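Asker: Work the whole structure out from these sequences, hints included.
Protein chains: 2
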Amino acid sequence: MQLHKHDVVEAATSLLDEYGIADLSMRRLARELAVSPGALYWHFANKQQLLGAVADRILLSVSNPTNPTPESGDWRTGIVGTCGNLRESLLSHTDGAELVSASFAAGQSEAMSNVLAQLSAAAAEAGVDSCHAELVARTVIYYTLGFTADEQSRMQWDASGADVANTVWTENPTARFTFGLSLLVDGIAAHSHADA
Amino acid sequence: MQLHKHDVVEAATSLLDEYGIADLSMRRLARELAVSPGALYWHFANKQQLLGAVADRILLSVSNPTNPTPESGDWRTGIVGTCGNLRESLLSHTDGAELVSASFAAGQSEAMSNVLAQLSAAAAEAGVDSCHAELVARTVIYYTLGFTADEQSRMQWDASGADVANTVWTENPTARFTFGLSLLVDGIAAHSHADA
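Protein sequences appear in the order of chains R and G. Quick note: to get this note's numbering, add 69 to the position in the first sequence (first position is 1). Quick note: to get this note's numbering, add 69 to the position in the second sequence (first position is 1).
Everything labelled a hint here was simulated from the structure, so no lab data went into it. Computed from a predicted model, the values in this text were never measured in an experiment. Some hints could be false.
In silico EDC-like pairs for lysine to aspartate or glutamate, Cα to Cα no more than 20 angstroms straight-line [claimed, not checked]: (1) G:LYS116 / G:GLU101; (2) R:LYS116 / G:ASP92; (3) G:LYS74 / G:ASP227; (4) R:LYS74 / R:GLU101; (5) G:LYS116 / G:ASP86; (6) G:LYS116 / R:ASP86; (7) R:LYS116 / R:ASP86; (8) R:LYS116 / G:GLU101; (9) R:LYS116 / R:GLU101; (10) G:LYS116 / R:ASP227; (11) R:LYS116 / R:GLU79; (12) G:LYS116 / G:ASP92.
If you want a taste of the chain G side facing chain R, the calculated C-beta under 7 angstroms gives, among others [said to hold, decoys possible]: (13) ALA193; (14) GLY215; (15) ASP219; (16) LEU253.
From the three backbone atoms N, C-alpha and C, an ideal C-beta is built for every residue, glycine too.
Answerer: Here is the structure:
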């Protein structure tokens, strides 16, 4: 039976959800699919490429073209919407924030490249000059990844029954996330005016 | 010979620098110190507590009281200085950003609690009301951790000879880091005015 790339990504995502990123190895994945490790390397040159494909699978709804950045004038809504979708997608898979952060750093996730482009376009629309738009977009992404990795660690420890300090901080995470985003959006607006 | 807590933390930090966080286990640390694992548990109830102590060791210069937040009126300098020190400390140890992020999320790092308090004080000085000062501080911390984790991943892959995409992005990381911080500082200033 032929091994399709799509099936490999689905199986890897299931392993991730069940065991976490530390236990997602090429060897284990091959065993799960009842193929030799060599069959996996035919689709993915290395583990980083595989993780990038899983990242893209996790982020399907974020980079979906049916979910575009809102039209002109609405750059604030665009940034808040894109980052909100990104956070929700990360939270919907075990270790999602850690896996997507690693894939983004390695430049292996096409979906994250799309998110970066969406946010850069929103920054440009806000009036940020073109040589700084990508930097603004990266700043917003680092905040979103950093916040969500922290939130997800707490959630997963909580689910495992570990004793985590500062439990008050876990209250109303969406409002807390949005508050930090609003700081960044205010900063972008201030920066654009300073340039004008 | 008696096993001192300080020696355990030093040995753990050396293991971290040499092998990375994935290979820093209680078992390996005990072998390195030529003691039984039980001897370690006398000092640390679990691995999270040990990682918290290593995080505090890494962050010595950031939370040092001889390195306080600048005096009144200088909250911008305080935030930029604290976050710059935090980034440098994280970069000076293998997987420093990942280890400190995990310890911060678990509430196990006293040094990160001090950083949070320093940044909250700076936010209050900027005019942010008291119920939002800690949220502002956390936003700045998540950006710093997210940026530095990404930067450190790239550096470590580069050192290992891996082929990392977007190498242009690795140019002048300090200027890029500071640019993102300036966006946040502008946002804090705008937010304070909005409250006033």
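Asker: Now look at each hint and say whether the structure bears it out.
Answerer: These are the hints, each one checked on the structure:
The suggested pairing of LYS116 of chain G with GLU101 of chain G holds, with an alpha-carbon distance near 16 angstroms, which does not exceed 20 angstroms. A threshold of 20 angstroms between alpha carbons decides the hint, and for LYS116 of chain R with ASP92 of chain G the separation of about 18 angstroms falls inside it, so the pair holds. Proximity of LYS74 of chain G to ASP227 of chain G is assessed by CA-CA distance (about 34 angstroms); at most 20 angstroms being required, the pair is judged violated. Our distance criterion of 20 angstroms between C-alpha atoms is met by LYS74 of chain R and GLU101 of chain R, whose separation comes to about 14 angstroms.
Annotation: proposed proximity of LYS116 of chain G to ASP86 of chain G holds, straight-line Cα distance about 17 angstroms (limit 20 angstroms). At most 20 angstroms may separate the alpha-carbon atoms for a hinted pair to count; LYS116 of chain G and ASP86 of chain R exceed this at roughly 23 angstroms. Restraint check for LYS116 of chain R and ASP86 of chain R: satisfied, since their Cα atoms lie roughly 17 angstroms apart, inside the 20 angstroms limit. Among the hinted pairs, LYS116 of chain R with GLU101 of chain G is inconsistent with the structure: their alpha-carbon atoms are about 30 angstroms apart, more than 20 angstroms.
For the hint linking LYS116 of chain R to GLU101 of chain R, the alpha-carbon distance of about 16 angstroms falls within 20 angstroms, and the restraint holds. Taken as a hint, the LYS116 of chain G and ASP227 of chain R pair is honoured in the structure, with Cα atoms around 16 angstroms apart against an allowance of 20 angstroms. For the given pair, LYS116 of chain R sits about 15 angstroms from GLU79 of chain R by alpha-carbon distance, which is consistent with the 20 angstroms threshold. Taking the CA atoms of LYS116 of chain G and ASP92 of chain G, the gap is near 12 angstroms; set against the 20 angstroms cutoff, the hint holds.
Annotation: interface hint on ALA193 of chain G violated; nearest CB of chain R at approximately 15 angstroms, more than 7 angstroms. For GLY215 of chain G, the suggested interface contact is upheld, since its CB lies about 3 angstroms from the closest CB of chain R, less than 7 angstroms. The beta carbon of ASP219 of chain G comes within 5 angstroms of a beta carbon in chain R, closer than 7 angstroms, and the hint placing it at the interface holds. Restraint check, LEU253 of chain G versus chain R: the minimum CB separation of about 6 angstroms is within 7 angstroms; hint holds.
When the structure is compared with the earlier hints, violations turn up for hints 3, 6, 8 and 13 and for no others.
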